[in-house]
Amino acid sequence: MRWLKDLLFAGLLFVLGDGKPVEAVEPIVPPGPPDRRAERIVLALLGLASAGAIGFVVAYAVDPLPHRTQYLGLALGVSLASIAAALLIVGRRLVVTEELAGPYPGREDHAEDRSAVERIVADSGSRFTRRGLLKAGAAAAGGALGLALLAPLTALGPVFSTTPFTATPWRRGRRLVGEDGAPLRAADIEQGTFYTAFPEGADREAMAAPVIVVRLDPSQLHLPPGRAGWAPGGILAYSKICTHAGCAIALYRKPTFAAREPRPAFVCPCHYSTFDPATGGTVIFGPAGRPLPQLPVTVDRSGVLRAAGTFSGPVGPSWWGVRSRKAQSG
Amino acid sequence: MQAVVTRRRALVGWLLALVLVPAAHAGLPPSGIVLPRPSPHTTPHELGLQLYAGNCARCHGSAGSGVPNEGPPLAGVGARAADFYLRTGYMPLAQSGEQPHRSRVLFTTRELDALVGYVASLGHGPPVPRPQPQRGSVARGMTLFAQHCAGCHQIATEGGYLPGAVAPPLTGATPTQVAEAVRIGPYLMPHFSERAISNRQLDSIVAYVEHARRPADPGGWAIGRVGPIPEGLIAWFVAGTAMIGLCLLAGGRLHR
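Residue numbers (my numbering), protein chains in the order written: chain P, 1 to 330; chain Y, 331 to 586.
This is chain Y alone, in the form it adopts within the complex (with noise of 0.2 Å):
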């Protein structure tokens, strides 16, 4: 009896590590976040240089002039690449030279307005754009994006791999940020200006990620989106255990 006990206690332990670990690590930050203590009288810009100080210098060096080695210039980004790799929480990066990844902002709304206002002060820099995906075309939107994107993010949004890189999913993606990162092309991704891609097209292209987050699925329960996979292991599991059982059956019978 003693034995079941802890074995149950174990397995509840097992289950509650499988679900507690990841969780507990998908909440931890890259890396910590130094923040000052702002009296109500600091002005914005001030609180950003103050946030910019302790979280961004080190790599990006003082006022944005870079740091060879550790991290690229700032000045002239803009608040368009501030405003994406804030929001995303792709930055402040735990090791300079690996790949952003989204994570949790740690900042609040009103710290992130003024660290993205800091940075588009230190240089004339193009600013946050804002795509109308109400105005753009779903089917063009497609198109566009068979051609431009779904070579590495595929064409359901659902994001691929490639040598030295993941290409994320588009699911978690605002339209704001997808414009930005069109216009960016954050860490390896090629980015696109107005001549190869114009705002218009552009405003199609995040109307259909939009869409591709939640599509109608006509062909029936989606599971998961991951293609043949689950039509495979209902094959290979459940028809082909069926198919086994089948064949014990009338082997069994004939054994008799």
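Same shape as in the complex, but just chain P (with noise of 0.2 Å):
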């Protein structure tokens, strides 16, 4: 407790003085004028930035107090408000100032220093003997590191290896399991709506794991050549990552009267890539570039969807050289 004692009375000291006067010396910084009217404002602002914080305590300790978060951050707000107000006043107004006027060096004024540093600097050199190779080793280890630094940006092309990019967990026969585990069936996919799908004992998480299956009516179909079988009674099987940023598709737009509105089309809710399932997965509006990649599918003996194979193409978003790859099977 006694250094507490002493504390006090320190602090006590320090704010009222000890009553002796203090000796007069020479100022360096000429008096001013006392401003009363400025002081009596930075005690009046001073006063209302501790009226902030104590708000501020008091805000935070009433329990319940609706609108909370606003009252704290008022309180802080006047009260670091007040403190920078009377911070100012206190500069403007109460310390004396002086302003000093001189000439700035130009730079011929530094002509006999620039030259000294430059003779330091040749002069400092003088240990080497091989220069030459010394600068071509320099430039060799300067042009290894930026090239280290580069080497990232092979990742974007197909330079190494882009197997990571086309595997997909699906192959022949592996059928289409619904959010829920259960297997889909094809008497189940009706039309105007859509389905998430998944491969069967496969991880989920794979970028090539989710499809959207949609049925449209057979005769609306105009899939590429070559993919004749890949839709048995309209059910049509595309990836759900949009192949321009890789985000997840999650809109489906189906036209309730079809002669006066837009055609059936998925829609990447990230940019608006809007892909057509009639055609085989075609963009017809937004920044995709390549079409959404088709899984072909059979309809079983239980008439359960099983894949007929992999992808018409790499899935997910689109990289150098992705046009001239192949989706694998998982």
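Among the clues, some could well be false.
As the list claims (entries may be wrong) - Covered stretches of chain Y (chain P as the covering partner; in silico rule of three or more C-beta atoms under 8 Å from a C-beta of chain P):
no., segment
1, 492–499
2, 523–532
What the hints assert, rightly or not - Computed list of chain Y residues with no C-beta within reach of chain P, every gap over 12 Å:
no., residue
3, 368
4, 384
5, 387
6, 433
7, 438
8, 439
9, 571
10, 574
11, 581
Just so you know, these hints were derived from the structure itself, not from any lab.
Virtual Cβ for every residue (Gly too), placed ideally from N, Cα, C.
Starting from the two chains in their separate frames, assemble the complex, guided by the hints.
Below, the structure is given as structure tokens:
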């Protein structure tokens, strides 16, 4: 407790002073006229700052308090703004200032210093005997480091392995299961709605795992050549991953009255890439640069949908050389 | 003085126009409706038939047979679709083929009941669903909403856009209308069967939509719930102006 008493006493002495007159010395800064009004304003602002800070504590303590976040912000804001204003007034009105003007030295004034620095640099190299070789070595190190920094760029192109980009968990005969894990039955697939399906017994988090399944009127289909039999009964399956930026295609628009409304389409919610399921997933709007990969499906004897192979192209966002690659079977 | 008064009048006129023109526009019906003059003895079925003949038959054909290139057939859509399209003001539509949108309902409750009953009598169709959001779970509803609905309507149920259509905000939809829309799939929206979304799951979705209309806003004032836009506005306009003011102040001091 003794140290507490000493501390209190020292604090009091610091605030009140010891009463002895200060020895008069010649001032460095000429004294300015007192400004009692500015002092009062500063005191008022400091008081406001204290009130705001106490208000913060009160708002923090009172429970329950509606709009507490706002009151806390307001109290702290008032406190900080008052302190800032008080400091501004102290700086502008109460601290004695004087401005000193002098010429700024120009460039030529440093000519001697500059030549001295140049000579120091030149003289410091007296220990080097094989300057050319050292310069070449430094250039090689710098160049190699630059190359190392550029190396990750190769991930954008097919220079190294692109197998992970083309791998899919789909292969001939794999069943399509819904989000609940139950196999999708062809008879349950209705027109005018869409289903998300996954490969049975495979990692659902893999990029090429999720597919969207829809049913269209078989007479409306105009699939590219070579895809005969890919859509039994008009049931179509496409990768759910947009070929633009890799978002999940969560939108399926379908007309209520086909004669007067836009045709069925998959829409990616990120950048509105729009794909036509009737023509093999071709892009009809938006920034995607290549069609949505289609998964050929068949209906087995028990009426369950199964993959009839793997996708028509690599799944996921596009990269250099994507068009020259094929999707792999998992 | 005269010029000042004129300018003030012009300003008031502009302000009034700003307020009144959208108000008047919002109040306008999508199209006029034809109202029969029923006697107290007209049965609901007859009233429904008269209203149908006056307001629906031009596009949907007599007895709901549909008109090619004008409107789809209504035989078999049931009370569910009629209830949804009429009580949201989606129908009657001003122009065939345009997207229906929520507007003032011009029929009285009696006329609506009669018309819904008449359309339901045109064929064997589903009844009006009766969702029970109090049986559902908001948390489960949010997961389902994110899975099936948020792609278009946004997780905050504020609606959105997609090529060719506007996904309407769900803030004005009643629980029944949400359930109806899920089952029907109005305009470009896909419909969801009971196999895709069970009635129990639908209860949860409706509970979430109800919750999202009045969220708790734990972060403070929502300021219109338009996301980071208000914060950005304050940062750019309030803080930015203050910074410029400070710069001018500091610069002014240097010049003096």
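Quick rundown of the hints versus the structure:
With 4 residues carrying a beta carbon less than 8 Å from a beta carbon of chain P, the segment 492–499 of chain Y meets the three-residue requirement, and the given coverage holds. For the segment 523–532 of chain Y, the stated coverage by chain P is satisfied: 3 residues place a CB nearer than 8 Å to a CB of that chain, which reaches the threshold of 3. Remark: the non-interface label on residue 368 of chain Y is consistent with the geometry, its nearest Cβ contact in chain P lying 30 Å away (cut-off 12 Å). Residue-level check passed: residue 384 of chain Y sits 21 Å from the nearest beta carbon of chain P, beyond 12 Å.
For residue 387 of chain Y, the shortest C-beta to C-beta distance to chain P comes to about 16 Å, beyond the 12 Å cut-off, and the non-interface label holds. Non-interface status of residue 433 of chain Y relative to chain P is upheld: no Cβ of that chain comes within 12 Å, the nearest being about 18 Å off. The claim that residue 438 of chain Y lies off the interface holds: its Cβ sits roughly 27 Å from the closest Cβ of chain P, which is beyond the 12 Å cut-off. The claim that residue 439 of chain Y is not at the interface with chain P holds, since no C-beta of that chain comes within 12 Å of its own (minimum 26 Å).
No beta-carbon of chain P is positioned within 12 Å of the beta-carbon of residue 571 of chain Y; the least distance is around 15 Å. For residue 574 of chain Y, the requirement that its beta carbon stay farther than 12 Å from each beta carbon of chain P is met, with the minimum near 17 Å. Residue 581 of chain Y, annotated as away from the interface, keeps every beta carbon of chain P farther than 12 Å; the closest lies near 15 Å.
Hint violations for this structure: none, all hints satisfied.
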